[in-house]
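Chemist: Residue-level listing of the chains:
2 protein chains.
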Amino acid sequence: MNHLSNLQFLLFDWLQVEKLADRARFADLDRASITAVLENCERIAAREFAPHNRQVDVEEPQFDGERVQLPAVTAQAVRAYIESGMLAASQDAALGGLQLPRVAELAGNSFFAMASIAMFAYPMLTVGNANLLLAHGTAKQKDVFARAELEGRWFGTMCLSEPQAGSSLSDVATRAQPDGEDGEQDPLGPRYRLRGNKMWISAGEHELSENIVHLVLAKVPDAQGRLPAGVKGLSLFIVPKYLVTAEGVRTSERNDVALAGLNHKLGYRGTTNTLLNFGEGRYRPRGSEGAIGYRVGAEGEGLKCMFHMMNEARVGVGMGAAMLGMAGYQASLDYAQQRRQGRPLQSGGKDVGAQQVPIIQHADIKRMLLAQKAYCEGALALLLYCAQLIDRQHSGNAEEAQRVGLLLEMLTPVAKSWPSQWCLEANSLAIQVHGGYGYTRDFPVEQHWRDNRLNMIHEGTHGIQGLDLLGRKVTMAKGQGLRLLSVEMEATIRKAGGRGQLREEAADLSAALQQLLSVTQSAWAGGRPEETLANATLYLQGFGHLVLAWIWLDVALSALAQADETMREGKLAACRYFFRYELPKIEAWLQPVARRDDTCLQVHEAHL
Amino acid sequence: MNHLSNLQFLLFDWLQVEKLADRARFADLDRASITAVLENCERIAAREFAPHNRQVDVEEPQFDGERVQLPAVTAQAVRAYIESGMLAASQDAALGGLQLPRVAELAGNSFFAMASIAMFAYPMLTVGNANLLLAHGTAKQKDVFARAELEGRWFGTMCLSEPQAGSSLSDVATRAQPDGEDGEQDPLGPRYRLRGNKMWISAGEHELSENIVHLVLAKVPDAQGRLPAGVKGLSLFIVPKYLVTAEGVRTSERNDVALAGLNHKLGYRGTTNTLLNFGEGRYRPRGSEGAIGYRVGAEGEGLKCMFHMMNEARVGVGMGAAMLGMAGYQASLDYAQQRRQGRPLQSGGKDVGAQQVPIIQHADIKRMLLAQKAYCEGALALLLYCAQLIDRQHSGNAEEAQRVGLLLEMLTPVAKSWPSQWCLEANSLAIQVHGGYGYTRDFPVEQHWRDNRLNMIHEGTHGIQGLDLLGRKVTMAKGQGLRLLSVEMEATIRKAGGRGQLREEAADLSAALQQLLSVTQSAWAGGRPEETLANATLYLQGFGHLVLAWIWLDVALSALAQADETMREGKLAACRYFFRYELPKIEAWLQPVARRDDTCLQVHEAHL
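Line order of the protein sequences matches chains A and B.
Start counting the first sequence at 1; every next residue gets the next number (the working numbering).
Start counting the second sequence at 1; every next residue gets the next number (the working numbering).
Only chain A is shown next, with the shape it has when bound in the complex (with noise of 0.2 Å):
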């Protein structure tokens, strides 16, 4: 099925998103509108990003010493997606923006992740660099840094990660003192100067925008030289790589951030990923050595200002990963409904002297097509469910912001981990439609699915999902989240309920959803938590299959009043190949959870 069709009854039929036009931020929106984002977005990202997607993996960044190289091809392609006017579209108007709702953001964004999501995180990482600003920065902050990435003049990065550091943001040792006695009062914010190493940054060089607005996590040390301990001791600095005057202008005085590397990788090849010496003595700006930095919010508070952007972060994550997961179920369709190879088999055996069929008639093929479709699909659809509650939270009352706003916290680490998992599989089900070919650099398939591992390691690991989602999210609020996606699940339980084609879905959701509940329960009765945590990647598994089940149903439940068969056969098929082959899985995954098991815990690490 064609993506822009399936994104209209995604959008139109099951979400509804025009009743979002009942809010005052976003009167102007209608069908129409949306739909001109959506085809112009889909225009743009066939003609300036599709084609050069496998150029971009073959010519990988390289440093002369002095500048990275990329291919032409990728400058072009973020300037087109500059020029779609995408980068500001959910914005204030005030802003240049469009006031689109995020959910329909997403939905344009998807076409440039399906077609080379290498190229696309340039612009992705940019406007989550500009709305961490927009929400926590100051008026003078907003208007130099923000205003110049969402008119793509400078691009955005996240500093987080430092080699000693991954998962462990407690142990960041980027040290950020403060510069000078006039530091304090500087128009762009409080001025220190930032000395350390950053790991992990993706597009921290390179020479497709004029300027890098590094968002940087660092400690500021007490009186005795000593960084804070704990995750509470971080505060946010904006570091550009040149440093800009208080009108904004850019001057051409580098600030002290040296590249130390290029990181060479699996996949995602077309993004540079780098190692960054913050402070190292490698430029002097204003003559001496010493990043500079401006802080962003209150000193201490730098974790809060990334934690309030990490849901978003992550649900772009997790439509990345869905839409490398679409380009290869696209790819291998195609590929299934060209390719002629052996014979249907009939009650009656083959006959030998038939022509070869298209290799989409044999069951095993059609099997890996579906789950493909299911996951896939099913990834998109749940995405855009949050971007629509990031839309509702923004946009609602109090109280609808805080009970949209948890059930979004609810969602978030599915909405990461389950498209980098199961979509990485529908990648390898792509491979393995193409057979031998599929194992070659003709077809791209193996990018994508190379492409895709990333997404179960970057902007928190699966193992940290589980954490969080066992950890934290279920227990938060007193459980209010969890009872609140229970509520969500049991309106389309009765709906479904009442549906004859779908009744016996509703009630394995149904059990499924009491059998979830109940190993919650029993996975936190034991008064351990390190018990109850040593499964939690496996809750997070179980929990995203019942989600995912639960969005499946909601979603056949509206194609069941679609005129268009293709449409409408194909939801109700894939969300029968879901409950039929993928729920049962959750018990597997479930049973361990809930009495505790320990035997990963308890290993001894000797015997490994």
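It should be emphasised that the hints constitute simulated quantities derived from the structure, not laboratory data.
Wrong hints could be hidden among the right ones.
No copy labels: a pair is met if it fits in one copy or bridges any two.
Stated by the list, open to error - Subject to a maximum C-alpha distance of 16 Å in a straight line, what follows is the list of computed EDC-like cross-link-like pairs (lysine to aspartate or glutamate): (1) Lys-232 to Asp-351; (2) Lys-350 to Glu-531; (3) Lys-350 to Glu-530; (4) Lys-142 to Glu-247.
Put chain B on the given structure of chain A with help from the hints.
Modeler: Chain B only, in chain A's frame:
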């Protein structure tokens, strides 16, 4: 755990391979001689293979129009392999062999597969080729071709697939026409001229050996020039790259075999993979075009000859997959012991002031290591078990050969597919343990993952293995294979049921076996094979996990008696993990098989 120690435990304590010395062929066998072979392999693999595995990935084979260029380390490594004596290790003493059992040969080879699967492929293919000739060739063919291969002078290939016929061998279109009046009397075998294109030919062109012996499946046209339909028309031919005299001397005359191109792959890059044109007229051997080939076996019996070697070839693929998994397991275990990050969760929370700990102390890291151990050491055990079946089949009396042959037939689809799927998953977990570092090419685990992805595709895809298992193996000999396997499993269950520590696992295995038997019946109860086989891949998965649970329980029984604590407790922990976290998965796979779910079979192509 050290791979050598593990092999010694599995060979001597678990399989008790010395008992093979009861048989005339293996009369000289003892622990010391096997251990010497293993240590020799370990040393050569560590010195000549492992250090160059990344290089052969980066410096892919290049075709300059005349020759295929490989990095010099490849020639050096295969030379060292030849000098190790492993090429002929399992052959008759009369052929210069050591009459080493296959099980010990596989154990020795596992070091090379773990060190560099891509370089090991050259000798592995050569031995497989020679074994086929020894089984089906004439005395002259053995003396000329097999001998040169076992001496490492000539290398071998298998040429089955064609661009239009991958899994569907009945569609092979390469033609073999009798060559001249004297063709039938050629001392090297009935002589033909072959014309056609062969795809995916590993080691199809290189300069590593003075000649290349292609074994080619082709069809002999009838008087009207028509090729017989189906696989029954296939015959097998020896097609050497350079012509050979009747005395076995390689001449400088090129046969009409031309490299049409190299395939550029996701992984396994150190092995050339080729499209070969036979008989297109690029060369004119003996003055006319057409590739000269010598028939092996009778006309129309080509596939039968191939099938004879298929079990062994598939066990070989499984071994490669298992050892790629093992390489990743070892690398991630090593990394997890060195890398410090985070602090263990304790009931009182975390002490952020404390030092970071090696990540192996985190429960989720232990889980990922234990899963890898369960997958890879379990797969290796299964493969050694299968290799021992081959030894018993070859050296036993007729009754034993028949019985053991049936068991081997049953287990082969699992021995090939299970490691291909689950040791690939192990490679993914190895990446995950490494975090971002695992996603870079500075660590070996991403290459293992890429290399291993091939194994679900070649030598019969995953789907083909499922069809073979459910469509052929469980029904062959009126179900006798399945009954024999059940008897083996029940023996293990009985033994384990009497040991307190493994009683629970014994009961679980017993229940799972009963479930599988019942599902097998239900699957075939409908009378419509297309419905039964629509879920054959899921049956393969369920069956595979059952087999591995059995293997683990049997291995654990031996481990109980081990004085070495690391060995004993490590194996018991992996067994426990497998039964608690893996075996329960079979439920979700087998349900659709049992009810002959037709969701995938029935979905309309247009709705995908």
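Chemist: Work down the list of hints and note, for each, if the structure agrees.
Modeler: Hints, verified against the model:
no.	hint	verdict
1	Lys-232 to Asp-351	between (71 Å within a copy, 13 Å between copies)
2	Lys-350 to Glu-531	between (55 Å within a copy, 15 Å between copies)
3	Lys-350 to Glu-530	between (57 Å within a copy, 11 Å between copies)
4	Lys-142 to Glu-247	within (12 Å within a copy, 85 Å between copies)
Of the numbered hints given earlier, the model fails none.
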